[in-house]
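For what it's worth, numbering that gives the first Met the number 0 labels the leading residue of the sequence shown as 0, then goes sequentially.
Check each hint, because a few of them may be wrong.
Computed list of lysine-lysine pairs in PhoX-like fashion (alpha-carbon distance at most 20 Å, straight line) [to be verified]:
#1 Lys460 to Lys172
#2 Lys127 to Lys400
#3 Lys340 to Lys172
#4 Lys460 to Lys166
#5 Lys261 to Lys340
#6 Lys261 to Lys305
#7 Lys257 to Lys305
#8 Lys340 to Lys166
#9 Lys280 to Lys290
#10 Lys166 to Lys305
#11 Lys98 to Lys187
#12 Lys340 to Lys188
#13 Lys261 to Lys251
#14 Lys98 to Lys88
#15 Lys340 to Lys251
Treat the hints as calculated values from the structure; they're not laboratory data.
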Amino acid sequence: MPTLSVLLKRSAGSTRDSGARWRVDSSPVRDMNRKNIMSDTVSNTIKVEDVGPCRKRISVEIPAEAVNDQMEMAFGSVASEVSIPGFRKGHAPRRLVEKRYGSYVKDETRSRLVGQAYEEAVQQNNLKVLGQPPMEVFEGIEVEAGQPVTFEVEVEVMPEFELPELKGIKVLKPDSSLPDGLVDEEIKKISINEGSLDEREDSGPGDYLTGNAVMTDKEGTEHYNIEGAVVQIPQEGDEGMILGVIVPDFAKQIGTPKEGDKVSVKLTGPENHEVEALRGKDLTVEYEITKIYRIVPAVISDLVAKYGFNDEEQLREMVTNQLQQRAEVQQQAVMRQQIVKHLADSADFELPEGLTSQQAARNLERRRMEMMYRGVNPAEIEQQMAELRSASTENARNELKQFFILNKAAEQLNVQLQDQEINARIVQMAAQQGKRPEQLIEELQKSGQAQTLVQQVREHKTIDQILSDAEVEEVSADEFNERMNDAN
């Protein structure tokens, strides 16, 4: 079995931005010894201009000579490698090769020329680009022999700014002792999580629905079509969530449906949704209920048996240890938050007015990973994600600002990650979730969150390095909460 380090190395290059991402030099035919297609006398025309805070527009014209050279090279490579019936390998007529493989050669030429030109533009202008441009930006570029190739792409870049002083920041460290009653509350949550599902014909507040959900806008454009979408019926008058969006009057709209019923839910797309096409739109979700169920909490004796304990006392001891570990993680988290808030309040630079889909998705994934690290259960995480989509634009911009600041601080402090640090975080998170480390790695890879985890560990290491030079004051939990409320 591969080691954790190997698995993480495999996944560290993947990202989860909205949509597929274009990759430089991703063509299937690649010869590392092949000469550069650009001669000393032929060069690209490159123009870079500001189009807003943290964004640049790159305009490129690739001369016809370079297009011809690359197409000739691609045709030569194809002609020497393919086998066409009736001809020896490498001896088929040029016109036949062009007829059969002309489309592939154009794609190969476009991929290589555009990839090299993009990298050239980034390097020549010292751009600190975040992520990669969307694939669709390049798919429409036409490539024809004897014609120049032109394209434009907008990219997100790191802003230029000065970091505030990183030493001597004042931080409060709250006591991490467990309050009375917390163990009992946690056992109740475990009882619900480990409970059984009681299928029902009628529904009521607190019940769960499973069904098929289709989200469309006023023009009839379909944005989501999800089978097995789960919805919880809120208490009367409360808000609820469907397809990751908070609906203020959800209890009124969803009602108490029966199996087989179809419900129409009206909502407005959150201003910070990672899918830009949904922002501010009047949307409708058609929801057809296929199953209704209620959770019946597990009894204590069943929990004792499930976890292999002899009695309830051993169960309580396990829960106490888990809560204490979680409290220590939370203690460190709130100290880190104070550092980040101080830096964000002290640093001054221009931010975009609105977030791109890439920026919004990054904000959400950073928050999701932070909650996973703290041991928040999956249902609560999804609820928090929906609330974040509905949060104010100012809050979302602050998240973006923190991302930029921590990246710059990591560079200034020369923060480097080791494989064992990534693996230690995986082991810790897996233990909190009751999973094997290999299982968590597989989930992170499938969801595209592996790089978000690496980014989180890098940010935490950066903040902890700043914390080591901070002025820390230990206080009780009550005093901490009081002083935090006064500060806000």
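Earlier hints that do not hold, by number:
5, 6, 7, 9, 10, 11, 12 and 15
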